[in-house]
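Fit chain B to the given chain A structure using the hints.
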Amino acid sequence: MRPILMKGHERPLTFLRYNRDGDLLFSCAKDHTPNVWFADNGDRLGTYRGHNGAVWTCDVSRDSTRLITGSADQTAKLWDVQTGQELFTFRFDAPARSVEFSIGDGLAVITTDNFMDNVPTAQVKRITEDPDDQSEESLLVITGIKGRINRAVWGPLNRTIITAGEDATVRIWDTETGKCLKESDKEQGHQKAISSLSKSADWSHFLTGSLDKTAKLWDTRTMTLIKTYVTERPVNAVDISPLLDHVVIGGGQDAMNVTMTDRRAGKFEAKFFHKILQEEIGGVKGHFGPINALVFNPDGRSFSSGGEDGYKTVFSEAASSIIVV
Amino acid sequence: MAPAPAATQKIRWGELEEDDAGDLDFLLPPRVVTGPDENGFKKVVEYRFDDEGNKVKVTTTTRVRKLARARLSKSALERRAWPKFGDAVHEDVGARLTMVSTEEILLERPRDPGSKAEEPSASGDPLASKSGAVLMVCRTCGKKGDHWTSKCPYKDLAPPTETFVDRPPTADGSAPSGGPVKGAYVPPSLRAGADRVGHDMRRRNDENSVRVTNLSEDTREPDLLELFRTFGPVSRVYVALDQKTGSSRGFGFVNFVHREDADKAISKLNGYGYDNLILRVEWATPRPN
Numbered sequence: 001m002r003p004i005l006m007k008g009h010e011r012p013l014t015f016l017r018y019n020r021d022g023d024l025l026f027s028c029a030k031d032h033t034p035n036v037w038f039a040d041n042g043d044r045l046g047t048y049r050g051h052n053g054a055v056w057t058c059d060v061s062r063d064s065t066r067l068i069t070g071s072a073d074q075t076a077k078l079w080d081v082q083t084g085q086e087l088f089t090f091r092f093d094a095p096a097r098s099v100e101f102s103i104g105d106g107l108a109v110i111t112t113d114n115f116m117d118n119v120p121t122a123q124v125k126r127i128t129e130d131p132d133d134q135s136e137e138s139l140l141v142i143t144g145i146k147g148r149i150n151r152a153v154w155g156p157l158n159r160t161i162i163t164a165g166e167d168a169t170v171r172i173w174d175t176e177t178g179k180c181l182k183e184s185d186k187e188q189g190h191q192k193a194i195s196s197l198s199k200s201a202d203w204s205h206f207l208t209g210s211l212d213k214t215a216k217l218w219d220t221r222t223m224t225l226i227k228t229y230v231t232e233r234p235v236n237a238v239d240i241s242p243l244l245d246h247v248v249i250g251g252g253q254d255a256m257n258v259t260m261t262d263r264r265a266g267k268f269e270a271k272f273f274h275k276i277l278q279e280e281i282g283g284v285k286g287h288f289g290p291i292n293a294l295v296f297n298p299d300g301r302s303f304s305s306g307g308e309d310g311y312k313t314v315f316s317e318a319a320s321s322i323i324v325v
Numbered sequence: 001m002a003p004a005p006a007a008t009q010k011i012r013w014g015e016l017e018e019d020d021a022g023d024l025d026f027l028l029p030p031r032v033v034t035g036p037d038e039n040g041f042k043k044v045v046e047y048r049f050d051d052e053g054n055k056v057k058v059t060t061t062t063r064v065r066k067l068a069r070a071r072l073s074k075s076a077l078e079r080r081a082w083p084k085f086g087d088a089v090h091e092d093v094g095a096r097l098t099m100v101s102t103e104e105i106l107l108e109r110p111r112d113p114g115s116k117a118e119e120p121s122a123s124g125d126p127l128a129s130k131s132g133a134v135l136m137v138c139r140t141c142g143k144k145g146d147h148w149t150s151k152c153p154y155k156d157l158a159p160p161t162e163t164f165v166d167r168p169p170t171a172d173g174s175a176p177s178g179g180p181v182k183g184a185y186v187p188p189s190l191r192a193g194a195d196r197v198g199h200d201m202r203r204r205n206d207e208n209s210v211r212v213t214n215l216s217e218d219t220r221e222p223d224l225l226e227l228f229r230t231f232g233p234v235s236r237v238y239v240a241l242d243q244k245t246g247s248s249r250g251f252g253f254v255n256f257v258h259r260e261d262a263d264k265a266i267s268k269l270n271g272y273g274y275d276n277l278i279l280r281v282e283w284a285t286p287r288p289n
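Going line by line, the protein sequences match chains A and B. Quick note: the first sequence uses UniProt numbering, first residue 1, plus one each step. Quick note: the second sequence uses UniProt numbering, first residue 1, plus one each step.
Isolated chain A, as found in the complex (with noise of 0.2 Å):
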């Protein structure tokens, strides 16, 4: 298959997001500026200007109207996908890691890194229909996690918020209460800083990838671990094709030690493995740095990569090229 390249940040991509209908990609970078694309043909649709640091996260609304961003300059914002307008700023005092839209698109969670003397947080609050009524108020914040928290999902039904993050543990959280319902296994879990977390299409199961170079399949409701898969670099992205039993897990060499290494060694590749064998089914190289976003498309037929090398690759028919397993 022959990817498009697109090439639209200056700097290391950090996270990449589909909307539900698959037809918008849209990406963060460390450039202050997310971007939102034509899926299927690459073009750049617009910008969201008005960030002032680097861009960790972002979310889209389920009817791709609205778009939620966090960031290093201590906000997470609010814009109208259609027109790049900021709607409303979340003002934090760390920077805001990751954001996700509920079910139903009433709340987000938005996790803050324990920067200066704050611990880490995830904060839910409360998405208004008009953004005049926003307010910045939370409806529950959640502490008593070490170290950063690089990911915070919804459970199914809004009920509970999975963290997971720098102290390698996954955490179930009640949204009613606050309290942390389970927690993973230490001896069975990741050994170190979860980077990623995915969620499967049915919300059944969610994927981890931790810098101890494995990805880890867990079960949602009991918090179980499924399968492992072990790969030879730290991983930064996983994904759960939604069409096929396959996961796929990016990663590479830390940025620090690239220029260290050959691009061989290095590699930089998207690692096909099939879900429930956990055997690799292949790779698919193309970049040049260690991979930071990786995310299928909703229908399952392309995926798309974000590396260290500020490329965005939407890699299309991806899926029809490995469906002959």
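These are calculated hints, taken from the structure and not from any lab test. For clarity, every value in this text was computed on a predicted model and none was experimentally measured. Careful, some of the hints might be misleading.
[To be verified] Subject to a maximum C-alpha distance of 20 Å in a straight line, what follows is the list of computed SDA-like cross-link-like pairs (lysine to any residue):
1) A/K186 <-> A/G147
2) A/K146 <-> A/R126
3) A/K30 <-> A/G50
4) A/K7 <-> B/K84
5) A/K7 <-> B/M99
6) B/K84 <-> A/Q82
7) B/K74 <-> A/K227
8) B/K57 <-> B/T34
9) B/K43 <-> A/N41
10) B/K42 <-> B/L27
11) B/K74 <-> A/K186
12) A/K285 <-> B/T98
13) A/K7 <-> A/D31
14) A/K7 <-> B/S101
15) A/K275 <-> B/E108
16) B/K84 <-> A/D43
17) B/K268 <-> B/S235
18) A/K275 <-> A/T214
19) A/K7 <-> B/V89
20) A/K285 <-> B/I105
21) A/K275 <-> B/L107
22) A/K7 <-> B/T62
23) A/K227 <-> A/I281
24) B/K84 <-> A/R49
25) A/K285 <-> B/M99
26) A/K30 <-> B/G86
27) B/K84 <-> A/T83
28) A/K285 <-> B/E103
29) B/K84 <-> A/Q85
30) B/K43 <-> A/D43
31) A/K7 <-> B/H90
32) A/K227 <-> A/A168
33) A/K285 <-> B/S101
34) A/K199 <-> A/E183
35) A/K7 <-> B/I105
36) B/K74 <-> A/G22
37) A/K285 <-> B/L106
38) A/K7 <-> B/E104
Just chain B now, kept in the frame of chain A:
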């Protein structure tokens, strides 16, 4: 765009250029878009002023292709018609943000389809196991982590070495860490399937010869000798020189008196930064044909 007005304007523009009348010089002819034709070629002719104020004609030919899988939902089609915003407004033809990779990128399989996986355990284990054991590879019998070459029980059996060399990888498949171990260099002659001819030829030609590549241009034999003699006595140093220019061709050979020293030099100097280049040091074995 209707063809008629475009044509008349074109003529007027031509007249203007001939007269070189200054009156309307600041006016730029409008953009002309032709196509896409049946082959999908679309031509855009634009005029603009460059930095020095000269009029420039920019012709951009693009090929428009229909995507095979264009099933979009209603709302997605609506979004398709959205006007561009932000920085995307100004980029039109000249912007090269999006391109299709010129390189064909394929899914690379870790092994032939159908063959069984031995890799997961091999790639998982060595990283977990102690590096000391991995490094300890006997070059006489090929056992890993058991004993050093000098302590090998088969050391004295000179002829058996040859027969033994080819066997271990298959016979010792269940040895502590079978399979390829990263970091531990196994010379080609010791690898499974190494052909004998190459082995014998190397014996005949050069004992313990090490090939050094990616040398900088101004590396000379004394430099190489200086670099390599720390590992043990060196019997010969050779740097390939260009006949015409007299500069180094970027590779050379070093022969050690002892095989152990050569081995050590390879493990230490392969990947070593020398004169702003990364050295590649390996056994100088003839290529298997």
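Status of the hints after comparison with the structure:
no., hint, verdict
1, A/K186 <-> A/G147, "holds, 16 Å"
2, A/K146 <-> A/R126, "violated, 25 Å"
3, A/K30 <-> A/G50, "holds, 13 Å"
4, A/K7 <-> B/K84, "holds, 17 Å"
5, A/K7 <-> B/M99, "holds, 9 Å"
6, B/K84 <-> A/Q82, "holds, 9 Å"
7, B/K74 <-> A/K227, "violated, 38 Å"
8, B/K57 <-> B/T34, "holds, 15 Å"
9, B/K43 <-> A/N41, "holds, 19 Å"
10, B/K42 <-> B/L27, "violated, 25 Å"
11, B/K74 <-> A/K186, "violated, 47 Å"
12, A/K285 <-> B/T98, "holds, 19 Å"
13, A/K7 <-> A/D31, "holds, 12 Å"
14, A/K7 <-> B/S101, "holds, 12 Å"
15, A/K275 <-> B/E108, "holds, 18 Å"
16, B/K84 <-> A/D43, "holds, 10 Å"
17, B/K268 <-> B/S235, "holds, 19 Å"
18, A/K275 <-> A/T214, "holds, 13 Å"
19, A/K7 <-> B/V89, "holds, 16 Å"
20, A/K285 <-> B/I105, "holds, 7 Å"
21, A/K275 <-> B/L107, "holds, 17 Å"
22, A/K7 <-> B/T62, "holds, 19 Å"
23, A/K227 <-> A/I281, "holds, 16 Å"
24, B/K84 <-> A/R49, "holds, 14 Å"
25, A/K285 <-> B/M99, "holds, 17 Å"
26, A/K30 <-> B/G86, "holds, 18 Å"
27, B/K84 <-> A/T83, "holds, 8 Å"
28, A/K285 <-> B/E103, "holds, 11 Å"
29, B/K84 <-> A/Q85, "holds, 12 Å"
30, B/K43 <-> A/D43, "holds, 18 Å"
31, A/K7 <-> B/H90, "holds, 16 Å"
32, A/K227 <-> A/A168, "holds, 16 Å"
33, A/K285 <-> B/S101, "holds, 12 Å"
34, A/K199 <-> A/E183, "holds, 17 Å"
35, A/K7 <-> B/I105, "holds, 18 Å"
36, B/K74 <-> A/G22, "holds, 12 Å"
37, A/K285 <-> B/L106, "holds, 8 Å"
38, A/K7 <-> B/E104, "holds, 18 Å"
Violated hints for the displayed structure, listed by number in ascending order: 2, 7, 10, 11.
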